[in-house]
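Here is how the chains run, residue by residue.
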Amino acid sequence: MSHTHDRAISVEALARVEGEGAMHVRVTDGVVERVELEIYEPPRFFEALLRGRSYLEPPDITARICGICPVAYQFSAARAIESLCGVEIPDGIAQLRRLLYCGEWIESHVLHIFLLHAPDFLGYQGAIEMASDHRELVETALRLRKAGNTLLEVVGGRAIHPINVRIGGFHRAPTRAELDALVDELSWCRDAAADAARLIAGFEFPHLEIEPTYVALRPEPGSGPSGATDYPIDAGRIVSTTGLDIPVEDWPEHFHEEQMSHSTALHGRMRDGGVYLVGPAARFNLNADRLPPASAELAAEVGLVAPVTNPFRSILVRAVELHYAVDEALRLIAAYEPPEVPAVPVTPVAGVGHGATEAPRGILYHRYELSDDGTITAATIVPPTSQNQPAIEADLAAFVQDHLHLDDDDLQWRCEQAIRNYDPCISCSTHFLDLTVERR
Amino acid sequence: MSAPIATIERPTVAVWKFASCDGCQLSLLSAEDELLAIAGEIHIAYFLEATREVSDGPYDISIVEGSITTPHDAERIRHVRAISDTLITIGACATAGGIQALRNFAEVEEYRSLVYARPDQIAALADSTAIAEHVPVDLELRGCPIETSQLVEVISALLAGRAPVTPTHSVCVECKLAGRVCVAVADGVPCLGPVTQAGCGARCPAFSRGCYGCFGPMETPNTTSMADHLADQLGLSHDEVAHLFRTFNADAPAFRSEARRRERAATATTEG
Chain A
1 MSHTHDRAIS VEALARVEGE GAMHVRVTDG VVERVELEIY EPPRFFEALL RGRSYLEPPD
61 ITARICGICP VAYQFSAARA IESLCGVEIP DGIAQLRRLL YCGEWIESHV LHIFLLHAPD
121 FLGYQGAIEM ASDHRELVET ALRLRKAGNT LLEVVGGRAI HPINVRIGGF HRAPTRAELD
181 ALVDELSWCR DAAADAARLI AGFEFPHLEI EPTYVALRPE PGSGPSGATD YPIDAGRIVS
241 TTGLDIPVED WPEHFHEEQM SHSTALHGRM RDGGVYLVGP AARFNLNADR LPPASAELAA
301 EVGLVAPVTN PFRSILVRAV ELHYAVDEAL RLIAAYEPPE VPAVPVTPVA GVGHGATEAP
361 RGILYHRYEL SDDGTITAAT IVPPTSQNQP AIEADLAAFV QDHLHLDDDD LQWRCEQAIR
421 NYDPCISCST HFLDLTVERR
Chain B
1 MSAPIATIER PTVAVWKFAS CDGCQLSLLS AEDELLAIAG EIHIAYFLEA TREVSDGPYD
61 ISIVEGSITT PHDAERIRHV RAISDTLITI GACATAGGIQ ALRNFAEVEE YRSLVYARPD
121 QIAALADSTA IAEHVPVDLE LRGCPIETSQ LVEVISALLA GRAPVTPTHS VCVECKLAGR
181 VCVAVADGVP CLGPVTQAGC GARCPAFSRG CYGCFGPMET PNTTSMADHL ADQLGLSHDE
241 VAHLFRTFNA DAPAFRSEAR RRERAATATT EG
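Heads up: the sequence lines are chains A and B, in that order. The numbers in my numbering rise by one with no breaks, and the one at position 241 of the first sequence is 241. The numbers in my numbering rise by one with no breaks, and the one at position 101 of the second sequence is 101.
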């Protein structure tokens with residue numbers, strides 16, 4: 001079927017996304033009428049089950065929201081609770097947290113770039129099929145991913161759901177020798193990441209230009225654990241390409257979530273009704289000036305200039321961020337001195353705390369209300385995919401409109417590829433994809 | 001069971017997801033050193049997180065992640081069982097209902113309305129339950145998350161036609177084998193190691209932390225003695241003890257009953 005007038009495309013189970021979802025497109029008289037991302041991932045009610053638990057538990061409990069980005073959950077939770085309790089995390093512990101977060105960026109970005117998204121560009125059903133023709137590429141990916149996972153193991157005690165993170169810091173700080181042992185492999189990774197970015201720059205990027213509002217963190221000058229030059233990972237003010245510049249605690253005044261009947265994931269919107277995007281493109285567009293010289297030069301070499309407006313090029317941004325995360329990990333390891341104590345005491349304070357960090361997929365916001373004995377009385381968690389969902393639907397509508405000449409199978413694959421531009425993490429956002437395109 | 005897996009050339013493997021975080025199926029992709037070798041020995045016929053390629057069942061081996069939390073999934077797992085020769089469940093969600101089983105001790109209606117403005121649009125069962133409560137399961141792998149090495153061991157054992165080696169003794173045994181100082185005895189840290197099943201290699205004690213029960217109850221755990229120690233020797237409140245048992249394996253029978261006992265004791269203390 002390749003007529004352009006009335007059609008319906010449905011993908012009933014989206015592959016190579018983290019979680020479960022479907023996509024439905026309806027075209028009437030050659031005009032895209034409706035695009036819906038249906039998230040049917042069963043809800044797990046984290047915000048409800050946190051009620052009545054201790055303020056010390058969110059890092060362990062919320063990590064279980066996502067097996068790909070548990071560290072993001074641990075640190076957004078920790079920031080929310082520590083800021084409420086008026087605790088300043090000493091620089092040494094903060095640097096160690098940033099190092100652990102680099103491990104997660106490496107692991108998650110490698111998974112998405114090579115194993116989930118690259119097969120779309122190279123024309124394979126998946127990475128395992130891709131390995132038969134591009135074994136070296138897949139082996140490089142697995143080696144990079146292992147390095148990220150090893151960093152998570154050494155600092156966090158476990159790659160998935162790290163055990164070493166606690167409110168106030170860590171249970172045990174790694175020794176100098178444990179971190180030094182990572183340096184040779186990470187140095188190899190830095191070169192491999194740069195080579196990967198050059199390879200990806202040669203991919204064919206389908207045409208699509210969008211102009212959404214991008215939202216990302218931007219560390220305040222001098223306020224981040226590493227000072228003014230930080231690219232956002234673990235801290236920052238919330239800024240946008242439309243001039244928003246607010247502290248994290250003002251989040252609820254500017255953003256909210258809406259329930260849509262077709263999805264168990266809530267949809268994030270700005271209070272003025274606007275859709276917005278978080279994630280690598282948003283981070284890069286708002287913080288390209290914060291990349292250190294080595295990663296900035298790589299970005300320039302592969303032709304990345306802010307603002308990036310074609311979402312298909314997000315894979316290239318991710319590759320530059322991968323290079324940055326490895327480089328930053330090496331910098332943090334070189335500067336590492338074990339902190340005097342692995343954690344500082346945190347005494348509960350009644351009130352409301354807010355925390356936001358940059359998960360690999362974009363801003364992850366947590367809000368907790370505590371009673372004076374530290375019992376959680378309310379929790380709100382806004383994952384990146386919830387925030388991106390309205391913008392993904394808008395993108396798809398524009399993309400399908402321009403590609404109605406493709407037959408259903410090709411259009412479906414291209415739509416799936418477009419969805420994967422956002423590396424949607426459906427497990428996180430439930431609270432993703434089958435494609436149906438209905439042409440009539 | 002039809003022909004033994006070991007006699008089948010490249011048995012077909014399907015990976016299924018129910019309510020979960022994806023972490024356990026990701027463990028398969030995290031077997032960096034073994035993944036391509038394993039992929040050469042099996043035919044990955046259904047693994048949505050990894051590939052668009054979907055082969056119709058039946059499948060020789062199904063690997064199931066996640067718990068049953070919706071009416072639709074309760075139906076779907078019966079279909080998966082019907083088209084699978086050997087069914088392996090992986091992780092605390094699939095084997096004990098997972099962290100989302102905390103709803104089993106609350107009102108799901110309240111949970112729904114706490115998270116969603118229009119709770120009527122959200123289909124959810126009152127309980128989050130293990131796969132084995134719905135269909136027969138051939139093998140369970142514990143953990144939140146599972147250990148990649150155990151998954152590789154199970155797949156290798158199936159391919160070789162032998163029984164997998166997955167110990168059911170306690171985390172304490174792993175700690176002793178590793179020659180670690182006991183954090184409970186030396187530092188007075190609350191540690192569930194004596195009642196928790198081995199498998200993780202005693203990760204937490206290696207980081208000066210007490211075990212928090214990711215692998216669920218060991219075979220024949222003395223949870224009451226454990227709970228008494230936590231309360232009497234370490235001074236934890238009944239609620240704190242109940243919360244220690246009530247996390248990722250909250251609905252595993254031994255942990256469930258001990259948490260209930262402490263909860264009742266807490267109520268009695270308040271009322272007394």
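Treat the hints loosely; a few may be bogus.
Unchecked claim - FRET-style restraints, in silico, Cβ to Cβ: (1) A106/B to E136/A: 49 to 55 Å; (2) A231/B to H254/A: 43 to 49 Å; (3) L199/A to E41/B: 45 to 51 Å.
Think of the hints as simulated: they come from the structure by calculation, not from any bench. No experiment lies behind these values; they were computed from the predicted model shown. Backbone N, C-alpha and C define an ideal beta-carbon position, used for all residues, glycine too.
Checked hints:
| no. | hint | verdict |
| --- | --- | --- |
| 1 | A106/B to E136/A: 49 to 55 Å | holds (52 Å) |
| 2 | A231/B to H254/A: 43 to 49 Å | holds (46 Å) |
| 3 | L199/A to E41/B: 45 to 51 Å | violated (29 Å) |
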